[in-house]
Amino acid sequence: MQTIEAGKIEELREFIATILKSDYGDSNLISVLHKTQELFGYLPREVMDEIAQRMSLPTAHIWGVATFYHYFNLTAPGKYVISICLGTACYVKGAAEILTVIEQELGIKVGETTEDKLFSLQPARCLGACGLAPVVMINDKIYGDLTTVKIKKLIMDFRKSEQHK
Amino acid sequence: MAEKINITINDKPYKVDDGLTIMQAADHCGYHIPRLCYHPELSIEGACRVCIVQVEGVKNFVASCCYPASDGMKVYTNTKELRQARRDIVELLLDNHPEDCHTCERDGNCELQRLAYAMGIRKMHFSGERKHYEIDISSPSVVRDPEKCILCGRCVRMCQEIQGINAIGYAHRGFNTVVTPAYNMPFGESVCSHCGQCINVCPTAAFTETNYTQELFEKLNDKSFTTVVQIAPAVRAAIGEAFDLELGRNMEHETAAALRRLGFDYVFDTQFSADLTIMEEGSEFLERFQSGGKLPMITSCCPAWINTLEIFYPDMLANVSTCKSPMSMMSNIVKTFFAQKKKLDPEKIYSVAVMPCTAKKCESVRPEHYIKGLRSTDIVITTRELAWMIKSAGIDFVNIKGEAFDKPLGMSSGAGTIFGVTGGVMEAALRTAYELYTGETLIEIELEETRGFKGIKEGIIEIDGKHLNIAVAHGLGNAHRLMDEVRKDPGKYHFIEIMACPGGCIGGGGQPYPCVNSEPLDEVCLGKRAEALYGNDRKNTIRRSHENPEIQRLYREFLQKPLSEKSHELLHTHYSPKEPKGIIHNQGVIKV
Ligand code: SF4
Ligand code: SF4
Ligand code: FES
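Taken in order, these protein sequences are the chains called A and B. The first sequence begins at 1100 in the working numbering and counts up one residue at a time. The second sequence begins at 865 in the working numbering and counts up one residue at a time.
FYI, nobody ran anything at the bench for these hints, they're computed from the structure. On a predicted model such as this, the values are computed, not experimentally measured, just so you know. One should not assume that every hint holds.
[Said to hold, decoys possible] In the DSBU-like style, the derived pairs of lysine-lysine whose C-alpha atoms are separated by at most 35 Å in a straight line are: (1) B:Lys1403 - B:Lys1392; (2) A:Lys1120 - B:Lys1403; (3) B:Lys1442 - A:Lys1120.
[Stated by the list, open to error] In silico negatives: residues of chain B with every beta carbon more than 12 Å from chain A: (4) Leu1238; (5) Arg1239; (6) Tyr1419; (7) Glu1443.
In this text, a Cβ means the ideal position worked out from N, Cα and C, and glycines have one as well.
Extracted from the complex, chain B is given alone in its bound form (with noise of 0.2 Å):
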């Protein structure tokens, strides 16, 4: 237990723990001092000055995010002078930023608004110069907008300090700083891993994805093409923060009526895609434990990791799963089996994607996932894309009767749900693999070892007397010490699943933005999310992918088996190093 202090704000008296600072005492006793750079997970950078509190004996206003509580403290929070300074700082940083509140992307989900309402800026006294920056669009996932960043540093904490990554940082100085990946290149050709989390963390539309709305409403409407969407387990289980909805309601049936009235003509399920997966994965796993192959084998589905991978981990390709996501291979089966069975062109069918990613965008436009010159996903919208459209076609969402999938990639396993959570993936295919290797039925089948948020996971499971050795990492970070750790030791482990998002899917790069009193990488709302795909695993009656009825008649009528011919034309992929190069220590890069 820490020791208590004693310390009065705005003259009351309060009891708080030892070593907090004074916005985390204020915290704990019922006061929320506006704050913009402060974010709980990452570290302290005291540059926005909104957190100014007067405190007893202290000549200047300190930012009480980084000033310490100390017994005996008399803090102010709300005086005249304050609220005047806060509003003065809030209004110059209005003052450099576009007037657009109303076409922005994020209007009426933007800190800085909410931020300048509640200080009461009613109309603008200053005006000086303003910056003036080109949008990037260069990345298919995240569009980066200087002119409306406010320097605040979380999205570069967050992208140096959870995701390991440094992509961005600042550069140049005074009022010419500004965020951006080194040499001001293009962000597409940066090291970014497109994970979407500095767009999570950003207050402003400084960073959002890459909005495919407009083009998708169009081909709702284009009725020669049949317009299949599929949606990930992760959407379903935050979806409904977008409509004000309790955190961690599962509206799987809702978002699919809610998909049927935007106008799709099939709802599917990337849950189907995942136990199909999890055969080709546990096979492609077995295959390469019983006969020496590369290990340890890590997990292939998150596309962010993968173009980490490709950047950082050139020396690891052969380690990674060939199987391509179950995004992908949805819209493979799609515009091969699917279309065969309905007699449909597969030139004409539209093949959509609800993700909780953004760097899935990019993942549905590298050359590897066409098949036979064409794109097998037509587009990929995010959790916050779908909701937004949902709104802005009037469809009652909180109130509208849930529907069911669509046959027969619509019907999935209590493994492919929980492939939305860290750990999922590895649970999934351990249920499967451990049947399939001893011909037994695994009883328990709800794995401790993978569940949960430590940051690395790491169990033993036995498999007819023999041990494997498995981890799991989310967030890049997390993912970089593994890596370091498999480099070191290249025995280590037998198999690893990598989320390049903390939580995994449930915690994407395209989730619905906090609610007003919820910041991103939040554990409550991260475990509220996860409890809603696990509580999807426990109702369901078949809880491994093998059992799955439709994928059992997909093998049988279409692919044959695991890791046939077939499997290896639609299902599996290949990677390549990519440049720039991330950081790979001490060796050098320029060739003389």
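Just chain A, same shape as in the assembly (with noise of 0.2 Å):
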């Protein structure tokens, strides 16, 4: 578990206390959790129960509304993160079975990350690039015409990058 830092912390409990002033104020719940994600990139356990005490909620009500909503990561992200699209048009082109063998190569499931913490998977709708089907984008770089062998090249080079760090 990674160290929660000082100062986002700050921030958010700033964003709270702001949050509560307004009528309504515990409705905010869904704002409360985008802009902890937004400062740590997901929801860190001990975030949200500081989130419960502050907002008296419940944290089975908070974990409930994490849960429900895909947008929220419930872990830290790996330091890549691969979204691929399952929009029409990639899924038409295969994208099923680039999904399949990313999952092999790395481990993971769709909404997890590799032990390592290297790599993330996340599904997109449509990520824009449709003439490029099927595609995946990888932190903020898209990668299109992808077949099963370029996408399994394409995670061999990343680690291997990673190795000669």
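Hints are included, so try docking the two chains, each in its own frame, into the full complex.
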């Protein structure tokens, strides 16, 4: 578990304090969770505990909201976040196969992170690059016209570049 | 008086009160519309759709539990289309449910099973993907089996609205929706109080108590142990229900007889140690009251309350009486005083408690309750488990001839009996404290202030010209409200009784499942159980704990006097704050 940075938690506390002053303060849980994800990249458990206390909401309720929306990450994302497009165009062009290969190569399922914290895998609806279907986005970069061979190589390259560091 | 409205149900005219839902109106007119997620004491969720009816002029079926009845409305509850639709709804639930009724804990007692029967489901038409979850056995009290859950949400509402604990909630969505503690953490590590009320309201076996009956049957056959059993007051007031006897029949002597037939060597009564608790707790209160000790003093006999205290009120540990519960006091006396008397090796005594409570299972494993490395209560079973054991062993409980408890730990005063009802501990304590304080006998021993099922009861008792402010709360939601009050105004009360279960122990999480047409939390049922205990008190010639001759003897021969060194060693305990914390408003938890 990574440590919570003081500056970030202070910022979140201020955000909650402001929100609680507004009308229906505690119904703003979703925006607090958004803020949390923006600050930490995911929803760390200690921070959810903190939110529970500050907003007087049960943790079971916060957990319910956090797991209801796919948008929220519940584990720290890996260094490389692979978003695989499962939109219509990509799907037609074999995204499912690409996904299976990624899952096999990394040993994780969609929504999970590898044990070495190098890769996370998440689904995407449409990345707006249908001309290059099937595509994945790794962090901010698009990789298109994928085949099962190409994606394997791509993952291998990332692994290698890490080993050299 | 509410205004009346005219409605027709199945073409027959009726007059009903205004402001009811269709379901409530139909209930008054003799129609029991099938239902699942609805519970009269909980908020309306409208999730299961089993309660659908047809309303003339409304295109779709409506859920009768949340649709208001109105003047001139024409309702149909049993048309061909409805029957088909309801059957489909229930069938879809069954389709995503393990087909293991005949090996299930609630076989014969399950609302889903009953519903499927009533809907006329005789074969399954759908077959789809089925959910798979591990059984969670991390709690010593409550088992969670999400595969059996049909997502009616009664447990969630119970835990939230009545108990105010919020240990469980819905997580994930769609097919993956599951009722779980926060972070999918093991139940035993959550903020759960182990009160077991979720078990009482669950229609299926998705929540059950940890079952120790097999282990107990084994021990009963092991002749190298002396088996000693005690039964709590509330058990006798409800166990008859498990045998279809009328509500509120006191079965104490029948239970004692059945326990002997199960093979127990000594059958004792927790009411005896309730008297002992009063001696200690009453004296502790007077000591605090007279010497400026920490007040209000709060009772400690309810283990689900103690769990809640340590999680939600770490700032109030010093307010709670240091007395162990009657169950633990009994077990300690059994393994010391009684063992010495009978020249038994305490290691070879197996001490069993039959309780209306699931949290007692938790209490029995707490290290604070070990004496000299020895567990004091070896096993706790609920009223339900005992009822099953009696049936399973083929004992004719309904026709059995009653027998008395064994001496010396089977004798009790009426004060010990009423421990099982909300307000009873307070009443019993005041009967004794009054006399210890004033030296005079309290004449009016039945206290109006502490009786009945109001969530929080308050009263002022005059003792020797001094005013004692007392309060009694039952149900953890009410306990929360009372504790908030105490945090705001610590001087408001002197003495507080808290029981985690609605109604007190008589409404415990280990009591028999409701009969076909009764509901958990039903005040009529609770009232009858309470009356069984109050009646027992009235017919006892000894009604004050300090007058119990066996209690007097125990002090004379063993403990010396209340709060003595020996008492402290055996009968008192301590508390410590627990993680994870419940909500303590507006405080942070992260230290930076
Ligand atoms: S045992 Fe009580 S506190 Fe725990 S989940 Fe069930 S109702 Fe809530
Ligand atoms: S556990 Fe039982 S009470 Fe809770 S939602 Fe599932 S079926 Fe309903
Ligand atoms: S009982 Fe009405 S929707 Fe469940």
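Inset, instruction - Could you tell me which of the hints above the structure violates, numbers in ascending order? - result: Violated hints (numbers, rising): 2 and 7; every other hint is consistent with the structure.
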